[in-house]
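Asker: Got chain A sorted already, so can you dock chain B onto it with the hints?
2 protein chains.
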Amino acid sequence: MKKIINSPEQVVEEMLQGAVLAHPGYLRRVEGFQVLVRANTPVEGKVALVSGGGSGHEPSHGGYVGKGMLDGAVAGAVFTSPTPDQVYEAIKVVDGGQGVLLVIKNYTGDIMNFEMAAELAEADGIKVDRVVVNDDVAVENSTWTTGRRGIAGTVFIHKIAGAKAETGAELAEVKRVAEKVVTNVRSMGMAISPCTVPAAGKPSFTLDETEVEIGMGIHGEPGTHRESLRPADETVEHLLNKITADLPFGSGDEVAVMVNGLGATPLMELYIANRKVAEMLAEKNITVAKTYVGNFMTSLEMAGFSITLLKLDEELKQLLLAPADTPALVQV
Amino acid sequence: MKKIINSPEQVVEEMLQGAVLAHPGYLRRVEGFQVLVRANTPVEGKVALVSGGGSGHEPSHGGYVGKGMLDGAVAGAVFTSPTPDQVYEAIKVVDGGQGVLLVIKNYTGDIMNFEMAAELAEADGIKVDRVVVNDDVAVENSTWTTGRRGIAGTVFIHKIAGAKAETGAELAEVKRVAEKVVTNVRSMGMAISPCTVPAAGKPSFTLDETEVEIGMGIHGEPGTHRESLRPADETVEHLLNKITADLPFGSGDEVAVMVNGLGATPLMELYIANRKVAEMLAEKNITVAKTYVGNFMTSLEMAGFSITLLKLDEELKQLLLAPADTPALVQV
Numbered sequence: 001m002k003k004i005i006n007s008p009e010q011v012v013e014e015m016l017q018g019a020v021l022a023h024p025g026y027l028r029r030v031e032g033f034q035v036l037v038r039a040n041t042p043v044e045g046k047v048a049l050v051s052g053g054g055s056g057h058e059p060s061h062g063g064y065v066g067k068g069m070l071d072g073a074v075a076g077a078v079f080t081s082p083t084p085d086q087v088y089e090a091i092k093v094v095d096g097g098q099g100v101l102l103v104i105k106n107y108t109g110d111i112m113n114f115e116m117a118a119e120l121a122e123a124d125g126i127k128v129d130r131v132v133v134n135d136d137v138a139v140e141n142s143t144w145t146t147g148r149r150g151i152a153g154t155v156f157i158h159k160i161a162g163a164k165a166e167t168g169a170e171l172a173e174v175k176r177v178a179e180k181v182v183t184n185v186r187s188m189g190m191a192i193s194p195c196t197v198p199a200a201g202k203p204s205f206t207l208d209e210t211e212v213e214i215g216m217g218i219h220g221e222p223g224t225h226r227e228s229l230r231p232a233d234e235t236v237e238h239l240l241n242k243i244t245a246d247l248p249f250g251s252g253d254e255v256a257v258m259v260n261g262l263g264a265t266p267l268m269e270l271y272i273a274n275r276k277v278a279e280m281l282a283e284k285n286i287t288v289a290k291t292y293v294g295n296f297m298t299s300l301e302m303a304g305f306s307i308t309l310l311k312l313d314e315e316l317k318q319l320l321l322a323p324a325d326t327p328a329l330v331q332v
Numbered sequence: 001m002k003k004i005i006n007s008p009e010q011v012v013e014e015m016l017q018g019a020v021l022a023h024p025g026y027l028r029r030v031e032g033f034q035v036l037v038r039a040n041t042p043v044e045g046k047v048a049l050v051s052g053g054g055s056g057h058e059p060s061h062g063g064y065v066g067k068g069m070l071d072g073a074v075a076g077a078v079f080t081s082p083t084p085d086q087v088y089e090a091i092k093v094v095d096g097g098q099g100v101l102l103v104i105k106n107y108t109g110d111i112m113n114f115e116m117a118a119e120l121a122e123a124d125g126i127k128v129d130r131v132v133v134n135d136d137v138a139v140e141n142s143t144w145t146t147g148r149r150g151i152a153g154t155v156f157i158h159k160i161a162g163a164k165a166e167t168g169a170e171l172a173e174v175k176r177v178a179e180k181v182v183t184n185v186r187s188m189g190m191a192i193s194p195c196t197v198p199a200a201g202k203p204s205f206t207l208d209e210t211e212v213e214i215g216m217g218i219h220g221e222p223g224t225h226r227e228s229l230r231p232a233d234e235t236v237e238h239l240l241n242k243i244t245a246d247l248p249f250g251s252g253d254e255v256a257v258m259v260n261g262l263g264a265t266p267l268m269e270l271y272i273a274n275r276k277v278a279e280m281l282a283e284k285n286i287t288v289a290k291t292y293v294g295n296f297m298t299s300l301e302m303a304g305f306s307i308t309l310l311k312l313d314e315e316l317k318q319l320l321l322a323p324a325d326t327p328a329l330v331q332v
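Protein sequences appear in the order of chains A and B.
Counting from 1, one number per residue, gives the positions in the first sequence under full-length UniProt numbering.
Counting from 1, one number per residue, gives the positions in the second sequence under full-length UniProt numbering.
Just so you know, not all the hints are guaranteed correct.
Any copy will do: because identical chains look the same in the list, a pair fits if it lies in one copy or spans two.
DSBU-like cross-link-like pairs, simulated, lysine-lysine; straight-line CA separation at most 35 Å [stated by the list, open to error]: (1) LYS67 <-> LYS317; (2) LYS46 <-> LYS290; (3) LYS67 <-> LYS92; (4) LYS284 <-> LYS2.
Think of the hints as simulated: they come from the structure by calculation, not from any bench.
One chain only, chain A, in its complex shape:
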């Protein structure tokens, strides 16, 4: 295992320290916890957003802590749900009196632990609500999931619910918008090479020299099938057809697009993929309001990418295009 680390046991702790040292104007560490919050937390009079999950998906979720997106992010061990006490602490620290919305990716461990944390916080009199993101159209149920998995579409929930919270909207309103995003967002990915969890020391799956995995999860959970690597355009066609058929997306719709790298994929390849995405959407008479290309929800050094489409209405579009200022995503 070749990694730029000091020891497998210290990767999350040292990453969090390095992130706060890099972005002191944005981030503050909650002492004794694997929790990053806004430097100016709590923001009084604003609903707070907390997300998180296993580490290894950077910049998710700590990179999205900042104005217009999250108030706090909880980092579990690599690919492992954070424990309830960690999430509970995050809720307490970010609550500015207007309540806290939890944005949870749909994994059994995350659901259970965030839920338990919510109960603890509610017992303290903090208003807490939650949304569960399940944007991955590849498979129903999987290694750690009942129902569909939450993947890169989660970033759109952070962005849009975060923008809504910035307007001073109440918890129920922020939740309504977040759920509207969940209802309208779909993703699917593929991998050409796996990643290695530091504590495991070896790849979570293996692929032969020409083989790729279609529809795998962001922890390397099995996808729909394996096949030989095809030209980028054919792969995009396969993924995007699954996505557009699912909601469905069709003529006259307006969407946001995310072409997300899984960690080791050159930006060159992501742009090549986006070329085909844009071409296919134009053919279907689907308008693109905004495109994001880059590493937004990664799987350590996995190589591959995912495509996310979010169907927009006027409300979602306005919130998507609203300003944000975080370490990983800045919009003006």
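Answerer: Structure of chain B alone, referenced to chain A:
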């Protein structure tokens, strides 16, 4: 060779198309050329900045085309200098009457071709000047370089000279500031795994299971030596000591830091590296005004990272922190 591409011959063309389709508000393609310019080019009354070089270093340089940074970027074939006619076209398209500054990384081919383009443009009556970036302290002379190589520090020239040009400063003033950055910026990198140029089909160098290359260039040119992978902190110490000794950087200095991923390095590892960078700088009583952590100057899917330090004075600091709005770097 596993890559998300359609054909090795089409990677640059399709990448440029995909980038313009992703960022139509920022970028416009100069038809018939591998040149990206601002959507609103030319900006009248402003000195224009043009950079470029071989492709494969994305988001360099097309990702930095936008307000506060570049006006145009010229993309050669992968790891190959763009030809003079391409650079010449970029100069003509972006010139708003105040002249054009070329930002050239110090590679023999780039110098020659940008120089030739400058002469053609000057013959047309366009004012053209240039700066050459040579921030890599690893080695003097290398595969394609006389003198030191230009690497990730180039992004600081784009940022700072770009901000200066935005103020309406004259060409000589923009050049003065750009050269001040060149004088004060130093970088060095290391790789744990190589990359494959699509047209070559195999890695440009090989490393065994525990071996890393210290001080290699962004095209895989040889560095200072190979060694066994050490803990991240020791590697950072080695690189940063070479950098701080070179200018030198010392007690009381204020700097900007860039911890740059080469393409396949998880953000987690870059933050772990930054933790040690920040700790060492604090020990040396060097103040950090701003830290950038991410993929800024890549080498396709090479794994590894580089560290860049820029010594700041009040002028450079103000320009560094000025707003920018480009596909790859947004600051508010």
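Asker: With identical chains treated as interchangeable, where does the CA-CA distance between LYS67 and LYS317 reach 35 Å or less: within a copy, between copies, both, or neither?
Answerer: both (18 Å within a copy, 23 Å between copies)
Asker: Pop the pair LYS46 and LYS290 into one bin, within, between, both or neither, using alpha-carbon distances up to 35 Å.
Answerer: both (27 Å within a copy, 28 Å between copies)
Asker: Could you place LYS67 and LYS92 in one of the four classes (within, between, both, neither) given a Cα distance threshold of 35 Å?
Answerer: Cα proximity of LYS67 and LYS92: one copy only (19 Å, versus 40 Å across).
Asker: Taking 35 Å as the upper bound on the Cα-Cα distance, should LYS284 and LYS2 be classified as within, between, both, or neither?
Answerer: between (44 Å within a copy, 30 Å between copies)
Of the hints listed earlier, there is not a single one the structure fails to meet.
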